[in-house]
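Number of protein chains: 2
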Amino acid sequence: MWKPDRQSKKPLYEQISDHLERRISYGEFPPGSLLPSERKLAEQLGVNRSTVIMAFAELRSMGIIESRTGSGTRVSRTKWGAMPKHTPNWSRYAEGGSFLPNLPFMRRIREALNQHPSLIDFASGELSADLAPSDEITTLMNEHRYTSHLGYDNPQGYIPLRQALVSYLDKYRGIQTTESSVMITSGSQQSLYLITQCLLSPGDAVAIEDPSYCYSLPMFQSAGLRLFRLPVDQHGICPEDIRSLYKKHRIKMVFMNPNFQNPTGTVFSIERRKQLFDVASKLGLPIVEDDPFSLTAFEGAAPKPLKSMDSNGSILYIGSFSKIAASGLRIGWMVAPHSIVERLADARQQMDFGLSVIPQSVAAQFIKSSYFHPHLERLQIQLQFKRDLLIESLQKELPDLVKFITPQGGLHLWCKLLHEVHDGKLLEEAIKRGVVFVPGSVYGSDSGFVRFTFARPKTEEIAVGISRFAEALRALIVS
Amino acid sequence: MWKPDRQSKKPLYEQISDHLERRISYGEFPPGSLLPSERKLAEQLGVNRSTVIMAFAELRSMGIIESRTGSGTRVSRTKWGAMPKHTPNWSRYAEGGSFLPNLPFMRRIREALNQHPSLIDFASGELSADLAPSDEITTLMNEHRYTSHLGYDNPQGYIPLRQALVSYLDKYRGIQTTESSVMITSGSQQSLYLITQCLLSPGDAVAIEDPSYCYSLPMFQSAGLRLFRLPVDQHGICPEDIRSLYKKHRIKMVFMNPNFQNPTGTVFSIERRKQLFDVASKLGLPIVEDDPFSLTAFEGAAPKPLKSMDSNGSILYIGSFSKIAASGLRIGWMVAPHSIVERLADARQQMDFGLSVIPQSVAAQFIKSSYFHPHLERLQIQLQFKRDLLIESLQKELPDLVKFITPQGGLHLWCKLLHEVHDGKLLEEAIKRGVVFVPGSVYGSDSGFVRFTFARPKTEEIAVGISRFAEALRALIVS
Ligand SMILES: Cc1ncc(COP(=O)(O)O)c(C=O)c1O
Ligand SMILES: Cc1ncc(COP(=O)(O)O)c(C=O)c1O
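From first to last, the protein sequence lines are chains A and B.
Start counting the first sequence at -18; every next residue gets the next number (this note's numbering).
Start counting the second sequence at -18; every next residue gets the next number (this note's numbering).
It is worth saying that the hints were derived from the structure and are not from the lab.
Mixed in with the good hints there might be a few duds.
Note: identical chains are not told apart, hence a pair may lie in one copy or across any two.
Think about it this way: if two alpha-carbon atoms lie no more than 35 Å apart in a straight line, the pair counts; the simulated DSBU-like pairs of lysine-lysine are [claimed, not checked]:
| id | residue 1 | residue 2 |
| --- | --- | --- |
| 1 | K439 | K349 |
| 2 | K(-10) | K384 |
| 3 | K439 | K(-9) |
| 4 | K397 | K21 |
| 5 | K152 | K(-10) |
| 6 | K439 | K377 |
| 7 | K349 | K(-10) |
| 8 | K377 | K228 |
| 9 | K21 | K406 |
| 10 | K(-10) | K439 |
| 11 | K349 | K397 |
| 12 | K152 | K229 |
| 13 | K228 | K255 |
| 14 | K(-9) | K349 |
| 15 | K397 | K(-9) |
| 16 | K384 | K413 |
| 17 | K413 | K(-9) |
| 18 | K152 | K377 |
| 19 | K152 | K21 |
| 20 | K406 | K228 |
| 21 | K397 | K384 |
Quick caveat: nothing in here was measured; it's all calculated off a predicted structure.
Make a model of the complete structure from these sequences and hints.
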């Protein structure tokens, strides 16, 4: 992001007007388009609003922009030649298309983090830099040679990675499969996208957990699906609810995150798993199992995936490196019947022509390497340590104002607020104080919840972050 | 792909029945699903059909599979417990969804190449291994350190790569832009996908060149677009045709590949470019410029992109590394007004959460490195050499049967067949003789054309490949 140079002899406002003129002439802001407001631009560039007002005045005097009260500042049309020319109405195109934008809260959080990289981040559902195996990846890359063809890869994924995952799934997840049933994706996100786009049709009914990560994804609505809720309690969903949803709405698929569920941290109980398999096989209903967190289990063995007990073939299994290695790798996988893998691989070829071979080969080497197991053990200990820090801070700062169940794995803590506050206001108050979290309503549940990702902030930020959050919360409760 | 072990003491048919039993029990072929035919399996495993027949008999005797005449061999339902259980009807799911599968010819070619990796490949639109900068990429990766956070990246793309592309676009393509107008994608393929999904709505009319790469992409139909044709002659499309399509159908966007067009190799003439800008600005119509080939220009300067002359802001510009470096990198880019970039980045976050940071950072280093320019020069010379080999072979083998215009850049030669032959039959005859190409009808044009990609086969394969193709063609003309 460009910023004006405070050492330069050229006045700030002139640097800004030159910069804007350049961006306008490059077509970034076409004739007729709206510029950011003075307030917003001032914030982005880290200058006083009066400086931006002067820069705008400069551009206005050159006939490059026009302001009308109430409708903001726009790039002039007249400047661009005498002929009656028309730039495409780009903003109409940007609003067109049937694919829905992200939720406003999610966009607000991303915007805040972009603008203020120093915010303490309890919002991004990922590991902090020190938890990722960056050194191991660097070492593996340094040893690497590209002797083979760097051409279009098989859209189902790089074969050596599929082979490595077959052993990994057997060893770590108790899943027996073969490389032809494994498909590599750009993370669980793309697995979910492919399933909703290619296996379901607009109007189809599906069931998702409540609360659930899936609610935060407008892609379900973009695909025209009708969503029905399966309330999650301490032991996960109630399989009987699936049966009644099926009777009423003929649901076509169930989406679940059985182990250390996002956002609640719940593990689906053994008892209910049996009921689930029963219901699924009676109804011939496919279950999508999203399983990114199990290997983070803090103590004892990782909970098993449903897929490892799937004697009837009801489960589409989704895994990912994002939560156990690094989200920036963008490597996930699916285990599915052959006909499904073929269909999804064919479709994805048209969407992005498959993944880059480079991260796929790095990932294959990493899980086969002697680094992998020690990395997992270290990760579990460090995550547990961060969880404990978060809990200590919450107990110290907000003993009377929050309630939660201690998660035994995963990256998140799901926290009930004991006083009613407005989600959006709480977020803004928190951002003002230098901390972000995700409001619970994003996950489809009632307001009054907050998701804290303890994995993401640095260790030393956790206590400070919660103390800032506590200030924000108290400010709203008092007022 | 698993193959039986011919050294083993265990008979082949037993190895095969064990292997199939394993795949069935892992859920790859769920109860009730269809197995590949005996003929197909025999071909895949490289054994006699009789061996597969024996393996099937073995599985049948164990009650694992059932065959019924005329309806193939299926996995038994009964084997899987006495209870009335239902596996999801996976094949119905695989056929569901509104996203269309690839064209049959394209799937046939992919299948043939998977089954017989030794086929001489004039079909895949990419560089051969020796033309890609694999050594350079290996060196850059070996020097690399991941000190920064390997977390979820900005969905608009890795900032250092966007910065590197701003200089690249200025230096090599005469395009002035800023990093906030550049978006990184998984190749031109994903750029086209995002545009069709997010900026257009079902029912919208768009214009594409005829013939065109776009016809080979069912994604245009999957997005519900109505396609209208702009015939391409020696100088490209006629801009007046756009005006009349607009009048009749209110087309909302035009897709073009002005430089060394795929498949024809045509360069859009200067004369007509002026007319195009005139029409586009009069109508306020956006033009998508797909520009993957220009830097391959064999002699003289690379033709300029439309975007470099786009004073009115009508062009959405798409670039890619696939045709000038390596398609397996999966790195492409778009230059677009800010509102469009923001919209597409937001949508793509839901689709795949952005690209892996690793190939993005390798790509950034590569274009900034001193390797880049020499690589381009070497590539141009080698491509021209391969083109000349192809032309020589065609003139030697089929002087009386084909006609073509010599392309001055790009990876392809578009070849008219002077006798009428059936597209599908010609392809099968060619595959039988060990060579593949893409039938012209895939690009939406009349049959009677063939696209040969001279970049893809090894140098020493070109003459052999064309001699096999000539045999295939003559076999059909004689009979
Ligand atoms: C339950 C769940 N599924 C899927 C994802 C997407 O992760 P990725 O695409 O990085 O694998 C997330 C990330 O937050 C998640 O929490
Ligand atoms: C004209 C054109 N556009 C787009 C593509 C897609 O290329 P990529 O996604 O690898 O950049 C191709 C590849 O064949 C092409 O020829």
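Each hint, compared with the structure:
1. K439 to K349: Classified as both: same-chain Cα gap 29 Å, cross-chain 33 Å, threshold 35 Å.
2. K(-10) to K384: For K(-10) and K384, the Cα distance exceeds 35 Å both inside one copy (56 Å) and across copies (65 Å).
3. K439 to K(-9): neither (39 Å within a copy, 57 Å between copies)
4. K397 to K21: For K397 and K21, the Cα distance is within 35 Å only inside one copy (33 Å; across copies 58 Å).
5. K152 to K(-10): between (64 Å within a copy, 28 Å between copies)
6. K439 to K377: within (19 Å within a copy, 69 Å between copies)
7. K349 to K(-10): Answer is between; shortest inter-copy Cα gap is 30 Å, intra-copy 56 Å.
8. K377 to K228: For K377 and K228, neither the intra-copy (48 Å) nor the inter-copy (70 Å) Cα distance is at most 35 Å.
9. K21 to K406: within (19 Å within a copy, 63 Å between copies)
10. K(-10) to K439: neither (39 Å within a copy, 58 Å between copies)
11. K349 to K397: Answer is neither: 41 Å inside a copy and 50 Å across each miss the 35 Å cutoff.
12. K152 to K229: Result: close neither inside a copy nor across copies, 40 Å intra and 62 Å inter.
13. K228 to K255: within (20 Å within a copy, 63 Å between copies)
14. K(-9) to K349: between (56 Å within a copy, 29 Å between copies)
15. K397 to K(-9): This pair counts as neither: shortest intra-copy Cα distance 53 Å, inter-copy 62 Å.
16. K384 to K413: For K384 and K413, the Cα distance is within 35 Å only inside one copy (24 Å; across copies 70 Å).
17. K413 to K(-9): Classified as within: same-chain Cα gap 32 Å, cross-chain 71 Å, threshold 35 Å.
18. K152 to K377: neither (41 Å within a copy, 58 Å between copies)
19. K152 to K21: between (52 Å within a copy, 32 Å between copies)
20. K406 to K228: Result: close neither inside a copy nor across copies, 40 Å intra and 50 Å inter.
21. K397 to K384: Answer is within; shortest intra-copy Cα gap is 5 Å, inter-copy 74 Å.
Taken one by one, the earlier hints fail for this structure at numbers 2, 3, 8, 10, 11, 12, 15, 18, 20, listed in ascending order.
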